[in-house]
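Undergrad: These are the residues of each chain, in order.
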Amino acid sequence: MSIFSEVWDYLADGSNWTGTGGILGYLIQQLLLTGTALLLAVAVGLPLALWLGHVGRGGFLAINISNVGRAIPTFALLALLVTADWPGVATFGPFGRAGIATLIALTLFALPPIITNTYVAIREVAGDVKEAARGMGMTGWQQFRRVELPLALPLVAGGVRLALVQVWATATIAALVAGPGLGRIITSGFANNYYGKGIAGAVVVAVVAMALEVLAALVQRAIDPVPTTPTTRSEDAPQTNDLPTTA
Amino acid sequence: MTLLVSAAAEPSCYNRTVNDWWCTAYLVDYRSELVDATVQHLLITISAIALGIAIAFPMALLARRFTRLETGIMGVSTALYTVPSLALFPLLVPFTGISATTVVLGLALYALTILVRSMLDGLSSVPDDVRESATGLGYGRTTQLFRIELPLALPVMIAGLRVATVSTVALTTVGALVANGGLGNLIADGVFTNFKAELLAACVLCVVIAVALDVVIVLAQRFATPWTRTRAGA
Chain A
72 MSIFSEVWDY LADGSNWTGT GGILGYLIQQ LLLTGTALLL AVAVGLPLAL WLGHVGRGGF
132 LAINISNVGR AIPTFALLAL LVTADWPGVA TFGPFGRAGI ATLIALTLFA LPPIITNTYV
192 AIREVAGDVK EAARGMGMTG WQQFRRVELP LALPLVAGGV RLALVQVWAT ATIAALVAGP
252 GLGRIITSGF ANNYYGKGIA GAVVVAVVAM ALEVLAALVQ RAIDPVPTTP TTRSEDAPQT
312 NDLPTTA
Chain B
4 MTLLVSAAAE PSCYNRTVND WWCTAYLVDY RSELVDATVQ HLLITISAIA LGIAIAFPMA
64 LLARRFTRLE TGIMGVSTAL YTVPSLALFP LLVPFTGISA TTVVLGLALY ALTILVRSML
124 DGLSSVPDDV RESATGLGYG RTTQLFRIEL PLALPVMIAG LRVATVSTVA LTTVGALVAN
184 GGLGNLIADG VFTNFKAELL AACVLCVVIA VALDVVIVLA QRFATPWTRT RAGA
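Chains as they are written, first to last, in my numbering: chain A, 72 to 318; chain B, 4 to 237.
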């Protein structure tokens, strides 16, 4: 089929990768957006959820924020932010057109998986382990720092990994509102009936998404303090999302 | 021309200069457009979920029967799930063209991932002694599946169905890329023509549809599994 050769030709032509509007520029922009939003979400969500989990409060909110996040279309939130007087479409440094709007949307959509998974991770630490820690005379902080946090770490990392997938996907959608990122290759291809270009952009986005996921899985495995056999499907598996809310 | 004149004669809350976010006159005047978009949104969502269930069910049964297949099926579907929707739809275009089929197929693939997982989780949540009793009572493989295991697995499976449905409603909007996004088409139009009333109305309708479908599923579950209700009430 000719469309496949069109995709191949677009990807094989070096001039499509460099310069303004090139694949590499957009790729770097989207990686920058993804990294910044993920850092912001971790900085805000992680301490909050760790604290809520430790004191065992706010569970309803921490669990349900993920359901709310799923029901709100990422495209809708981006569209609202871009059309509002602020943040609007103003260019924001290396983040490009509608940079602030995109960063806000990405950070908001990264929060639910981080908060829910972190909260559940801390709550799921076995009761007898916590009791033993208290019996040994640990203070609340020591119990958190030396018992709960290490045991919860793999699940917390899982939440960040889910957030990463979601942020990458949402960053792609930013192009639907003429925002920054690789999605622009896709939308401009489709807008100009140049489907080879649109599909070529989609291939790059999909390949990078899978690469990020593999990388995140490796990092998650590396920081597991108690390397166990791959998690088996247990009957009382913790109620975390083990799937991202894709966008 | 007449449209312009009449708009100038009686200024409404959605003309170019006023451009309010919330505008009841817009909802009245553009009623048919809103209804059409909502109907398309619902059709796409429901077809995608139905297709997802139709593929997920046999896949889950296969994965359960042949445990070797399970890792493969889960691996492929999870990898697929990491592909952003804006990239998945274009990848389907060479096969299905610029059509609603592309959107339905793409969304069904996402739903599939959630559904297969929840079906496997549900089936493995059936206690072994229940299974043993059923075998002891002389149930065959198929009757045991349909009369014992599936009813008991239903709550977990429906939890997955709810997640899949709500996220499918949200993802349908991205179908605007191929001009088949239901309310997403209105959102896209609202952004590019700076039409705030249209944009907000479409966004709100999306969330309303998601919540409404979720409620329908919960009610259906209560109806289908009366025993869980009596246990909770006791």
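In short, the hints are calculated from the structure, not lab data. There may be inaccurate statements among the hints.
Examples of chain B residues lying across from chain A (beta carbon under 7 Å, computed) [said to hold, decoys possible]: (1) L72; (2) G75; (3) G78; (4) L89; (5) P93; (6) A173; (7) V177; (8) L180; (9) A182; (10) V194; (11) L202.
To list a few chain A residues with every Cβ distance to chain B over 10 Å, as calculated [said to hold, decoys possible]: (12) I143; (13) G167; (14) A203; (15) T258.
Covered, in the sense of this in silico footprint (three residues per stretch, anywhere, with C-beta under 8 Å from a C-beta of chain B), are these stretches of chain A [claimed, not checked]: (16) 128-142; (17) 180-194; (18) 272-279.
Every residue, glycine too, gets a C-beta built ideally from N, C-alpha and C.
Undergrad: For every hint, state whether the structure bears it out.
TA: Here is how each hint holds up against the structure:
1. Look at L72 (chain B): its Cβ only gets to about 15 Å from chain A, farther than 7 Å, so that hint breaks.
2. The restraint placing G75 (chain B) at the interface with chain A is violated, with a minimum CB-CB distance near 14 Å, outside the 7 Å limit.
3. Because the beta carbon of G78 (chain B) sits about 11 Å from the nearest beta carbon in chain A, more than 7 Å, this interface hint is broken.
4. The beta carbon of L89 (chain B) is positioned within 7 Å of a beta carbon in chain A (closest approach about 5 Å), and the interface hint is therefore held.
5. Given the 7 Å rule on beta carbons, the hint for P93 (chain B) holds: about 4 Å separates it from the nearest Cβ of chain A.
6. The closest approach between the C-beta of A173 (chain B) and any C-beta of chain A is roughly 4 Å, which is under the 7 Å cut-off, so the hint is satisfied.
7. At a threshold of 7 Å, the smallest CB-CB gap from V177 (chain B) to chain A is about 6 Å, leaving the interface hint in force.
8. Taking 7 Å as the C-beta contact cut-off toward chain A, the hint placing L180 (chain B) at the interface holds, the least distance being around 6 Å.
9. Taking 7 Å as the C-beta cut-off, the interface hint given for A182 (chain B) is violated, the closest approach to chain A being about 9 Å.
10. A hinted interface residue such as V194 (chain B) counts as satisfied when its beta carbon comes closer than 7 Å to some beta carbon of chain A; here the least separation is about 5 Å, so the hint holds.
11. Contact between L202 (chain B) and chain A, as hinted, is supported at the beta carbon level, the nearest pair being about 6 Å apart and thus within 7 Å.
12. With 10 Å as the threshold on Cβ separation, the claim that I143 (chain A) sits away from chain B is violated: the shortest Cβ distance comes to roughly 6 Å.
13. With a closest Cβ-Cβ approach of about 16 Å to chain B, G167 (chain A) is found to remain outside the 10 Å limit, as its non-interface label requires.
14. No beta-carbon of chain B comes within 10 Å of the beta-carbon of A203 (chain A); the shortest separation is about 30 Å.
15. At roughly 7 Å, the least C-beta separation between T258 (chain A) and chain B is not larger than 10 Å, which violates its mark as non-interface.
16. Three residues within the 8 Å Cβ limit are the bar, and the stretch 128-142 of chain A against chain B gives 3, so the coverage statement holds.
17. For the stretch 180-194 of chain A, the stated coverage by chain B is violated: 0 residues have a C-beta nearer than 8 Å to a C-beta of that chain, whereas at least 3 were required.
18. A stretch counts as covered by a chain when three or more of its residues have a beta carbon under 8 Å from one of that chain; for the stretch 272-279 of chain A and chain B the count is 5, and the coverage holds.
Hints 1, 2, 3, 9, 12, 15, 17 from the list above are not met by this structure, while the remaining hints are.
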